[in-house]
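J.: This is what each chain is made of:
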Amino acid sequence: MPAIEVSGLRKAYGNLEAVRGVDFAIEEGEVFGLLGPNGAGKTTTVEILEGYRRRDAGEVRVLGHDPERPGPDFRERIGVVLQQSQLWPNLTVRETHAVFAGYYRAPRDVDEVIELVGLTEKRDARAKTLSGGQKRRLDLGVALVGDPELVFLDEPTTGFDPAARRAAWEMIRSLRSLGKTVLLTTHYLDEAEQLADRVAVLRDGVIVRVGTPRELTSSDLEVEIRYRRSGEEVVLRTTEPTRVLNELTADALARGEELEALEVRRPTLEDVYLGLVEEETEA
Amino acid sequence: MRMFLHQIRTEQKLYWRSRESAVFTFIFPLMLFVLLGSVYKGRYPGAPYYDKPAPQILLAALLAYGCAMVAFAGLAITLVIRREGSLLKRLRATPLPPLTFVASLLASTLVVFGIETIALFLLGRVVYGTPFPDRIGSIAGIVVIGGICFAAMGVGLSGFVRSAEGSSAVVNLIVLPMAFLTGSFGPTLHYPHVLRVIGEVLPLKYLVDLTNAVYLHGESLWSQPKAIGILAAWGAAGLVGAFFRFRWEPREG
Ligand SMILES: Nc1ncnc2c1ncn2[C@@H]1O[C@H](COP(=O)(O)OP(=O)(O)OP(=O)(O)O)[C@@H](O)[C@H]1O
Ligand SMILES: [Mg+2]
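Line order of the protein sequences matches chains R and G. Going by our numbering, the first sequence opens with residue 1, and the numbers climb by one from there. Going by our numbering, the second sequence opens with residue 1001, and the numbers climb by one from there.
The set of hints was computed from the structure by calculation and includes no laboratory data. All residues carry an ideal CB built from backbone N, CA and C; glycine is no exception. Treat the hints loosely; a few may be bogus.
Okay, the calculated beta carbon distance ranges per label pair [as the list claims (entries may be wrong)]:
1) G:R1251 with R:P72: 28 to 34 Å
2) R:R166 with G:E1165: 35 to 41 Å
3) R:E17 with G:R1162: 48 to 54 Å
4) R:Q84 with G:P1225: 48 to 54 Å
My request is simple: use the sequences and hints to build the entire structure.
T.: See the structure below:
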């Protein structure tokens, strides 16, 4: 049985249709990435699955429960990192973990979880004294302390420095090796590629692509050419850079002009992803 | 039950750790007792009901004020701050049952108000030589009944306050005039008629009636059914407000 099954999911806020017919299924033990730009509907989808928001239409099953009417053990079995939330500013890292541990029947060892999220050195520091990234790790720690089977992570690594992001990736991988199911949202394609078994790209409330990260990024690699013309930046994308550059420079030479701030680069994975979502919405 | 106790311990830790709530709601009534006590002296001429030493009259009044601060103001501000910071929302995703959460919040509030009551009597004894109350049971009853009614109103009010930044200003705007009009800073005998009429409709007036009857006149709590009834009605109004306006999630995005 899949850990999460969603079909025909819809949700509108007034006139704004935030989610317009989304289908996907996540297998037990799978790490599933929900990728998409701001306002795509990621948080809306995730919070419907967590039981915070009501759907307008569609079928949703999470660990066999309908999250709008969850059975008593539903919240024992899920862990949640919200996109934004504070914890108690005056409790220490250890106390905060212990408070949350007290809400579950079979919590994990508090010190072990603190170690796992890399806050051991800060265990006696009050939450309000933590840096942004450290606060985020605290969010992550309290989501894991109940030893959930299914973990929802809404942009878990936003605000992390590169080392912390690497560490968080390690931690999420370790969740997978423990057999946990993870639903993670992110803006970062590299993160999705590093972590997710499968990725769904969401744009304007619909899924425009689902697949393994490899399948997603194997589209044609275009080259990007940028320069400035009378103060304005021009960006060209092409699969034939040699020809385009030749034409550009010939043209500029003929007019006796300089191609200001000329730059030629291979697109990053990020660019590929952005190209993908832009192209799909125009269609 | 285990979770209820766990959550009361948590709430206690949170209350005493937070300088805002501990100083503002707990210390303030004690501080006013010392300040006002050094100003008000003697007795109230021509008012047999208040024919007692001034510090004793003040103590009875500030006991009611302490309830308004701890159970009403403090609880409302705490709830708004936690709601707007998405803390309530985060708790909602844990197995902590909402009823257990609310019950432990109430119990913890009663504990704080109980300690406040003891502190007021001790302070009065040490500084002004005021007597301890004769009717301990009725004082305990006041702590419970007053605490529950004002806590219900506090939860109701929190549903109407939109932002965390504005919460303590809004709450003060209600509590301070209410305390002044209902005699929580001293008897209102000499107030203009209009102000006294306004005071008559406010719930704190009836808690002051209770503390006066029990502490100043040694009457039983149950000798004041009208005051208890009106307090209960206000508490019920608070519950209705809470029922319709309480939110787990932030009101402002
Ligand atoms: N409570 C709400 N009331 C009204 N509109 C909302 C609400 N929540 C979200 N929206 C709107 O729904 C759309 C989808 O929002 P959502 O938060 O799901 O996006 P997201 O993919 O999580 O974006 P981000 O990457 O910025 O977090 C947005 O246009 C947003 O403005
Ligand atoms: Mg979001």
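J.: Work down the list of hints and note, for each, if the structure agrees.
T.: Results for each hint:
1. G:R1251 with R:P72: 28 to 34 Å: Holds, since R1251 (chain G) and P72 (chain R) (Cβ atoms, about 29 Å apart) stay within the stated range.
2. R:R166 with G:E1165: 35 to 41 Å: holds (37 Å)
3. R:E17 with G:R1162: 48 to 54 Å: Given about 27 Å between the Cβ atoms, the range is violated.
4. R:Q84 with G:P1225: 48 to 54 Å: holds (49 Å)
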